[in-house]
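J.: What follows is each chain in one-letter form.
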Amino acid sequence: MLNIENLHASVDNKPILNGIDLQIRAGEVHAIMGPNGSGKSTLAHVLAGREGYTVTDGQVLFEGEDLLGLETEERAHRGVFLAMQYPVELPGVNNAAFLKASLNSVRTARGEAALDAPAFLKLARDRIALVGMQDRFLKRNVNAGFSGGEKKRNEILQMALLEPKLAILDETDSGLDIDALRIVADGVNALRNPGRAIIIVTHYQRLLDYIQPDRVHVLANGRIACSGDGTLAQELEEKGYGWLNEESAA
Amino acid sequence: MSASSEILDRFVNGEYEHGFVTDIESDTLPPGLNDSVVRTISARKQEPEWMLDWRLRAYHHWLGMSQPDWAHLRQPQIDFDSISYYSAPKRKKDGPKSLDEVDPQILDTYEKLGIPLEEQKALAGVAVDAVFDSVSVATTFRRQLTEAGVIFCSMSEAIREYPDLIQQYLGSVVPHTDNFFASLNSAVFSDGTFVYIPAGVRCPMELSTYFRINEARTGQFERTLIVAAPGSQVSYLEGCTAPMRDENQLHAAVVELIAMEDASIKYSTVQNWYPGDARGRGGIYNFVTKRGDCRGDRSHISWTQVETGSAITWKYPSCILRGNDSVGEFHSVAVTRGQQQADTGTKMIHMGRNTRSTIVSKGISAGEAQNTYRGLVRMTPGAENARNHTRCDSLLIGDRCGAHTFPYMESRNPTARIEHEATTSRIGEDQLFYCRQRGLSEEDAVSLLVNGFCKEVFNELPMEFAVEAQKLLNVTLEGAVG
Amino acid sequence: MNTPEIAMQRYHDSLTGIQPSLTGAELPWLAGKRRSALEDLTRLGLPQRRQESWRYTSIDKLLGYELMPVTEAMASLQESDIRHLWLPDLQTHRILFVNGRFVPQLSDLSGLPAGITVGSLRDLIRCNPIMPARWLGHASGASRHAFGAMNSAAIHDGLVIDLPRNQRLERPVEVLQISMGRDDAILYQPRNLVVLEAGSEATLIERHVCLGNSHYFHNGMSEILVQEGARLEHLRIQEESPAASFLHGIFARQAADSRYEYSGFSLGGAWARTELNLDLQGEGAHARLDGLYTTGSNQLTDYHLNIRHTVPGCRSDTRFKGLLHGRGRAVFDGSIVVEKEAQKTEAHLNNANLLLSRRAEVDTKPQLEIHADDVRCSHGATVGQLEPIQLFYLRSRGIDALDAQRMLCMGFAGEILEQCRIRPVSDIVGRAIENELNALAPEVAGASSD
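Protein chains in written order, with the numbering used here: chain A, 1 to 250; chain B, 1 to 482; chain C, 1 to 450.
Calculated from the structure, these hints are not laboratory results.
Just so we're clear, the structure is a prediction, and the values are computed from it rather than from any experiment.
For every residue, glycine included, the Cβ atom is placed at its ideal position computed from N, Cα and C.
Mixed in with the good hints, there may be bad ones.
Said to hold, decoys possible - Only part of the chain B face toward chain C is listed, based on derived beta-carbon distances under 10 Å:
1) Gln168
2) Ser394
3) Phe406
4) Glu468
5) Lys471
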């Protein structure tokens, strides 16, 4: 589904990604781990098409199509979803209106009919239950005045609505207490299916206690330093990231 | 950011929707202003002597004044002798008695503007007084209002039918000497709306006036007077459009509101006069004096405005908070693009005890437009425990426009409290990215974010108007975005 | 009472009269500057209320005085007269001016490193006029009002600092400006010039005090150039006589990556106006402007800030607070202008006023004029009295009303004082404000219990 080859990217002329190679098939869950500054979030933003991140080399194919040539919203239409580490507040923008506009833009791009208000509300209520939220959530403004946990749950709700093919969860676990973490993890697990790939970007192993990854990749200095199965995450938890630098120095 | 510049282009080049001209026969005075023009206007309207005297006093006062020169406003000198001060659609002998008698072309115009003039279509419950160029064309919902004791009629009619009320209240908030354009208006105003809500009456429906300038080279000088007797309540809506013409046209209205004890007036405006073309040719000069007098204790006056049109807008809907515990509010969205200039804001003059005022101003500036908030909050020595809160936010779209915030705060009472905050920024890149990541086009994202930015103000508008305002904003932005 | 025309003529005549006797009258560049300033004076006329920047500030009172321009100290002081006025517990380079005139025998500039100039403008004009010829009038530009023109028409003496490239002045420069009135009201017009070359660093502390209570008019101007990467910390304590008229225009210009940190404390004067004009002209320049003013009895304190961002990537943070009591009046006008080219500007300004008396008055006018879109700008202003709930809280803990009020006022002032890194300065100001509050009649407490 996703094929990343030799990806180099820089921010403000500073190289951050220095040759990433990664293949993800439909139905797989990959975890990308690594210390601060290793390029995890940069990778997530490059895939979503954030401005200010310049790809200097390499290519990314998504279902055979050149992802990097697409505008941000076109990637969303193809089914790329980024759950952000710091979901943006949109003052005055109603959550329901936002979700409906977003869902319908994606549906229209897929050639499906736009949902009218009642149909949308029905679907939204259905998915809200999935992330353990209440209906009144829809009446509030997008992320404005939300607690950290609410913002993250709102991201999962959006994901549940948009049903992406590739979901990238950028540090979704940061700042969550154990209950919120479990709710988020349950939401993600519920959305696992054979047609969907998920990338979990995280610093800590604890989210992976709840979501079992098929593959774990460790990023250091803008490259994948090593890959393995779920046990690699456990190993990292015990050893920390310090050994990475030793290894790369050696 | 190429997408943004594209947005800008579309925004700047968006076309004005209401720019058609209605071809009807009209009775228009030749351009120019002198004693005899003032007399003619008064005579055409069959006004009593006292009204003519008032007009002449205003005219003679105006002659001694000079056109103000406001900072931050690029403004050509207006040639007041090139304007025609009176234009009326030609009509059958005594004017229309009912809608059937109104020129179908005019009705068609209002149809295009989406105004529910025909009563059958006006089930939404809006009573409309429509002013076409200078003359009030039709007033709907007469009967229901009469039963409630509400007077809702054209100013000409009010001068004939209710001379006592007019003599008592006209000019009592905005005197004929107030300012250059108010004096001019007092001399030549051709029509407008008069509303009187008797004591204790809650007006059974929202009242509405639509203004349209049709004739070329005419000025529109309407005069609105709303009096809310003790304990009464009214909500009034005003909308404006004009055809596209190359020359500038002058709109110098005066609106006076008077709220007695426990009375409440809500005045909402959606102003969409023709703004001129992309190069700044043509468009309406919108120089308006709007002032409300909270005369009685616990009275309440609330101004809400959505300003998207006009080449130049100059208006400061104000409140004189005379009564104890009276409340003044000002909620404003001003959108400028192309070469438009808006200089708008409010004055809150606190005189009574425990008076409260709230100011919320949202300015959006794009293209090469200039958008200025100018406001005054004054706490006089009598304003014991008075409160003001002001919030002004400006949004810039593109790097050739300007946004300016000039608040004045004067306090003469230590128990009064004034709080003012203002911000200026552009739409956050992170916000745009977030929306686009969720699949919204840049155009939709901008529109969504701008609507969110304005929401606080839209929430103040009556339902039908809020929808219209939002549509208007989207139309404006639609033109804007790639 | 004089008409403005008469006052104008008098200013003009007396300045014309003294010009030939001023130091450097024989230098064409200087004589030319003075002459053209005199022409500016005539052209500009005296400020009037209908001018926006004088809307709330009347000069009528000032025009009532027959002012005599002086260029000499007009007084002789002993070391013992001023010893207590220097900052305690602080090693500084000390420089004394009396009525605008440098007094070398009571100054102490002995420890100055070689190559650094700290001294008198008059001396420099006489001995080595290259630096003043290069920089005088550079930051100030053309006169903006008659008082600026008057100052420029009689440029004579004042503080000069010239810090060469990459020089870091360890000790602060401490300037004592003493005013000593006489029976006839005097006008003195100091002109300061501070140039920090690229990469240099200094701290400048100015203190304006008065010996005696007579009327005089201080009409001063300071030009400050902070060149590339240079850093200036500028502290000013204004404790003029309660009868004095005081007007001082500061013109600061910042080059790329420079820092200018201003802490101003205005406590004295019957009519005191400070104009702070800041031009951020090099990318990456940052400015922090903090101010505190108190005004009581019949005082007028006026602060006019004009902050101009002309290039991208600069930042300014401005915070001014005022305590008003008695019949004190305050005028605050704080304008931020962001020009077209100045993208990525961050500029914030706040003005808070606390009214402690029924007869105190404040007029505040923050302004934003923004011509670039990629900016973050804000301003805010508040006017009010102490929160009754806070007073109640303290009183419920057994603190009497006046003490409670004092504590809350000191807390209000403290937010600015804390920013001041030179402790002896914040101590002096803190004590002065405390004394001012202690002297207040209990009227104030009543204001809140209406």
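J.: Does each hint fit the structure? Answer for all of them.
T.: Against the structure, the hints come out as follows:
1. Taken as an interface hint, B/Gln168 does not check out: its beta carbon lies about 35 Å from the nearest beta carbon of chain C, beyond 10 Å.
2. Hint status for B/Ser394: holds, given a least beta-carbon distance of 7 Å to chain C, under 10 Å.
3. Annotation: B/Phe406 was flagged as interfacial toward chain C, and the flag holds, the nearest CB pair being 5 Å apart, inside 10 Å.
4. Given the 10 Å rule on beta carbons, the hint for B/Glu468 is violated: about 28 Å separates it from the nearest Cβ of chain C.
5. The restraint placing B/Lys471 at the interface with chain C is violated, with a minimum CB-CB distance near 26 Å, outside the 10 Å limit.
Comparing the model with each numbered hint stated earlier shows that hints 1, 4 and 5 do not hold.
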